[in-house]
Amino acid sequence: MALRCLRLPVLSLALVSAVGCAGSDLALRLGDVRQDLALARSQGAYRCAPRELAAGESSSEFAEREFDRGEYFAARDYLVSAQASAKDALRLSSDERLCPKVQPVARPHRPEPMPDPLADSDGDGIPDLQDRCPNEPEDKDGFEDDDGCPDPDNDGDGILDVNDKCPNEPEDFDGFEDEDGCPDPDNDKDGVPDASDRCPNEPGPASNDGCPVKFSFINVTTEKIELKQSIFFQTAKAVIMSKSFGLLDEVAAVLLGRPTMQVRIEGHTDSRGGHTYNLRLSQSRADSVKAYLVGKGISSDRMESKGYGPDQPIDSNKTAAGRERNRRVEFMITQQ
Amino acid sequence: MALAQAKADGAEKFAPYEFTKATLYYDKAREDAGHAYFQNAIDWGRRSQDCSARASALAKSAQARHAGDLPRPNQVCGEL
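Here the protein sequences line up with chains A and B, keeping their order. Number 36 in the working numbering belongs to position 36 of the first sequence; there are no gaps in the numbering. Number 345 in the working numbering belongs to position 9 of the second sequence; there are no gaps in the numbering.
Isolated chain B (complex conformation) (with noise of 0.2 Å):
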């Protein structure tokens, strides 16, 4: 599951802002889908998968860098 792997590649430390967005996502799919709002849960969950990609990515490219030396850009994810 990308939302794992993103924490699993601490994106929770050196993408927060991708990561706070894809668990946002993933519950609130999580929530639809309970209220049967199947479609509204998919379009959700596709958010949450792409900002969890994007929070893998950024975590490990700020690891490979030694994060923090220079600052990155405003990004944005979950706008599909």
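Looking at chain A on its own, in the form it has when it is part of the complex (with noise of 0.2 Å):
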């Protein structure tokens, strides 16, 4: 009996002690197990033996789990079971035939992203494909406004276009108004081209090389053909003396020296007698004058009479020589 109760510790001790020693062992192979199914992960198994993987691993966390909680039966069984799966997921994923390593996948060639169509940086309203400065805004000056480019200086004659009344055509830079930036072909407007014109900044006939030429009787200034004397005419009446004829000749040659200008033929007397009176009379003769220089050859159209009677007096009508300088007919240019 007293044998009987000496073998029951030592058997009871040698439990235990085998059992601590399968723990020992148990938690080594759960080790090697995790390492079989980290190798089988690494080699594809993920890919090729995703079930075996899966169930390995979830069966190694069973058997820790039942291991920390010392149901070390439990443990066991699903420790074994991890190691066959991890067994096969090693298996499927080491054989080549099975599981081929895969080659890092060739991506697919992406062009490059097309640029947007109706981009435009520059906001000119040309979308940056058609604009040849797409980062300088076009001036639209109504000068080469497609191509998306200012033009600061369209004609290129140095003088820019906010400062150019002519942007668009180059100045000539012949000395006469060379600042405004217009090309002045005929500086003195005389229809005799600067280039056959031996006085260009003179107006004369083309008869006389674009030269003026020396009148008796008149002088030709820009605003009016001054005239030296006066036309005379019959007392109270709208007839010229002939004593003028000369003086209005010469009139009708710058005339017809210069094509293109036009005149105003203004009438005045002074301020003896009716307004009414006056103001026909000044009318009459003025269209006399008219008459006479379309006598010449001068066109109507580009003369206009106005009688303006006593009402334009240039000097006093008090005294005899005011009221000769008074009565008079000019010459105005209305265009040159």
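Since the hints were made in silico from the structure, they are not lab data. It should be emphasised that the depicted structure is a prediction, and the values quoted were computed from it without experimental measurement. One thing to keep in mind: the hints can contain errors.
Stated by the list, open to error - Just a few of them, taken from the derived set where beta-carbon distance is under 8 Å, the chain B residues facing chain A: (1) Lys343; (2) Lys357; (3) Leu360.
Where a beta carbon is used, it is the ideal one built from N, C-alpha and C, also for glycine.
Both chains are given apart, each in its own frame, so use the hints to dock them into the complex.
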């Protein structure tokens, strides 16, 4: 009986010892299974043996949990299951035929993204794809506006468009009004182009190579044809006296030499007599002068005749000399 | 239920790793619940849910792009 009592604690101790040894062994084997599973995963088991890998990983987790809880037998069962799954996963993933190595998949060539066909960086309304200057807005001044590039000096004459009265016509730089940016092919506007005008800045007929004809009775300015003497009429009539024909012939010569020139023939009287009478007389005398010039070949369209009567005196009507000055005919240039 | 949904989404075929894990976690949750290990059962249940959700998503994605064109990289699930 005493021997029996002695055997029981010895057997219990041996059992505890055996379980303790089995626990250590279990932990080691669990570590091995995990290594196998990691290896299988690295060989492509996720792709080639997904169920085996999943079963192995799950079983090893369950084994660990059971082991922690002291359920050694349950832990051992799960471990056995994990080992089997790991073995299958390793086998399937290591066989080149069952699990060919995946070559890195060549990414399909992606073409460069197409630029936005509507992009307009400079906001000038011309899409960048068609804009030669995508970062400089077109100035849209009617000159080459389709290329998208601004043209600060359209005619390239060195005068910026903002200061150029003729931005699309280059200045001719001939010393005559060169600052305005406009070419002046006929500076004196006498109808003779500067290139063939011996006097480009003085109006003159082509018959005199563009140089002014020296007149005896008149002087041509930019505003009027000045008369060096009066035009004489018969008293109280509109009949031109013959001694004024020479003067009027010179006026006709000027108009013939400058075909674009237009004039207003103004008739004036002094203040003696009735206003209406004077008005009518001055109109009749202006008409007479116009008729004379028409007779010399000047188109009537280029001349306007108007009587002002005594309304625009240039001197006093109280003296004989003043009244004589007020009785006059003037040729005002209305178009060069 | 997430696992049933995953199965309905075709996860068994298109996400076998995730679906297998979801199933095993689910079974383990039921087993532990039967042994009154409720805390463990809840833990396995959550892992099963996680794997089921991933399995569903992968299955839908794979079907949407005609599965198998490009291999999927290694993935995991249930690591809560």
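A quick look at each hint next to the structure:
| no. | hint | in the structure |
| --- | --- | --- |
| 1 | Lys343 | violated (14 Å) |
| 2 | Lys357 | holds (4 Å) |
| 3 | Leu360 | holds (4 Å) |
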